[in-house]
Amino acid sequence: MKSVKRVAQAGTLESSDIMIIVEPGTNGLRVDLESIVEKQYGQAIRKTITDTLKTLGITDLNVKAIDKGALDYAIRARLVTALSRADIVQRREDQP
Amino acid sequence: MGWDSIGNFELEAVNLDSKRDLGEVAAFLANQGLRFGPDLDHTVVLRQSGAIVATGSFKGEVIRNVAVSPQLRGLNLTAIIVTALAREQTLRGLTHFFVFTKPDNVAPFKGLGFAEIARVMPWVVLLETGLGSMSDWLQETARVLNHLPRPRAALVMNCDPFTKGHQALIRRAADENEAVVVFVVSEDSSTFPFADRFRLVKEEVKNLPNAIALPSGKYVISQATFPNYFLKREEGAKAQSQLDLTIFADRIAPALELSHRYVGEEPHCPVTRAYNQAMLEILPTRGVKVKMIPRIASRSQTVNASLVRAAWQANDWDTVSSLVPAHTLDYLRGFQSLQAPQASQSHQSPQSPQSRPAGQTGLERSKCPATKESPTIEGASDGRR
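So the protein sequences, as listed, match chains A and B. Per my numbering, the very first residue in the first sequence carries number 1; after that it's consecutive. Per my numbering, the very first residue in the second sequence carries number 97; after that it's consecutive.
Because the hints were derived from the structure by calculation, they are not lab data. Here the structure is a predicted model, which is why all the values come from computation and not from measurement. Take the hints with a grain of salt, since some may be wrong.
To be verified - Straight-line alpha carbon distances no greater than 30 Å define the calculated DSS-like cross-link-like pairs of lysine-lysine that follow:
hint	chain 1	residue 1	chain 2	residue 2
1	B	K155	B	K302
2	B	K206	A	K47
3	B	K298	B	K385
4	B	K198	B	K115
5	B	K260	B	K206
6	B	K155	A	K39
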């Protein structure tokens with residue numbers, strides 16, 4: 001089973017981006033999202049994040065996401081980068 | 097790294113050892129009416145044609161000194177600064193962040209996902225973001241306290257180290273109330289490490305069925321609730337007491353069903369006295385009763401922790417044993433013999449009394465913090481020093 005050993009971060013707080021922070025978890029996937037488009041896309045963003053994590057076989061992780069209107073592929077890219085910085089996936093070959 | 101040089105902006109970390117570089121940041125902040133607080137972990141600046149146009153710093157989880165040149169407002173340079181700071185904080189293992197700012201500068205931070213915890217007008221607002229929130233902490237703490245009857249009394253103590261004075265105060269609160277919650281200051285900026293201070297308090301409260309000891313955490317007497325930074329000094333002490341007490345009265349007391357706060361009288365230290373005075377002014381108007389208890393005396397001296405530390409440093413075990421309960425005495429004796437042989441190693445806890453050079457932690461702490469520029473956590477928090 002893959003697990004995160006240390007905390008890591010990726011992305012920025014600038015417009016059209018998303019900042020993702022991950023830390024080791026023991027209690028399943030916990031995603032805490034702040035988004036400027038929460039009403040319209042909050043659920044979709046959460047689903048993008050949890051789907052990406054499941055695809056990578058990650059079962060326990062705490063995620064904080066501060067979204068400034070990022071598009072789907074940006075969300076996935078920032079998440080995977082954070083995970084690679086946390087040593088959970090390798091930089092290129094493991095990306096979904 | 098694209099955002100390191102967006103357009104004609106250059107982001108760089110400031111060398112905190114360079115007086116010249118620090119002076120440049122201080123001058124930029126001074127232009128905007130902000131003071132460059134000492135004791136920082138990391139500072140970044142954004143430059144345009146060589147001149148600073150924005151800056152920000154952090155100490156631990158706490159982001160402060162964030163400022164943007166007035167001519168460049170609206171470009172959201174705050175986002176670049178906070179991103180750089182949060183990135184560096186995360187590299188250091190932190191996943192939760194506070195921001196201190198002035199009330200008229202709250203909006204950009206809320207736009208960056210920060211939520212307000214409390215404010216003291218017209219000085220300061222405290223906000224947070226990241227993994228875990230104050231609501232999470234209150235919920236979890238309420239769960240831990242659930243077995244205790246209500247209403248409950250609270251004490252906030254540093255216990256550096258635990259004395260007969262702390263003991264008397266806790267026992268009295270336990271006598272007079274349905275239940276007692278003792279918050280032991282978690283910040284590790286005292287002579288004795290938190291783990292040890294906490295354990296000594298727990299050994300006391302395990303004999304009291306209606307009392308519990310908890311770490312004070314991030315929201316009681318912490319780096320975050322004490323903004324002695326960018327505020328001018330005379331405002332600083334007042335604002336930091338008020339912020340801490342406002343958070344306690346408005347958020348913590350209702351959530352944890354705390355009806356009283358007990359505190360020991362402070363005859364000596366002006367900073368602690370000012371904090372206690374603020375307690376008397378603020379808490380009762382917000383529904384928390386304050387009980388200020390005179391200190392107990394031993395051999396005609398009022399008992400306080402700084403007296404214990406001074407005697408301990410002087411190897412005056414006769415005085416030490418008159419001021420502390422048996423389990424603290426055992427600890428102090430063990431602490432000394434544990435530390436002495438390896439005093440030169442870089443250990444988190446202080447060195448032994450014999451090897452501690454003058455001016456280092458222990459000796460400084462035995463003075464009243466009011467003599468220093470920024471009051472220490474301990475000084476403002478602990479009515480029983």
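Here is what the structure says about each hint:
1. K155/B <-> K302/B: violated, 35 Å
2. K206/B <-> K47/A: holds, 24 Å
3. K298/B <-> K385/B: holds, 25 Å
4. K198/B <-> K115/B: Holds, because 26 Å separates the two Cα atoms, which is no more than 30 Å.
5. K260/B <-> K206/B: violated, 46 Å
6. K155/B <-> K39/A: violated, 34 Å
Taken one by one, the earlier hints fail for this structure at numbers 1, 5 and 6, listed in ascending order.
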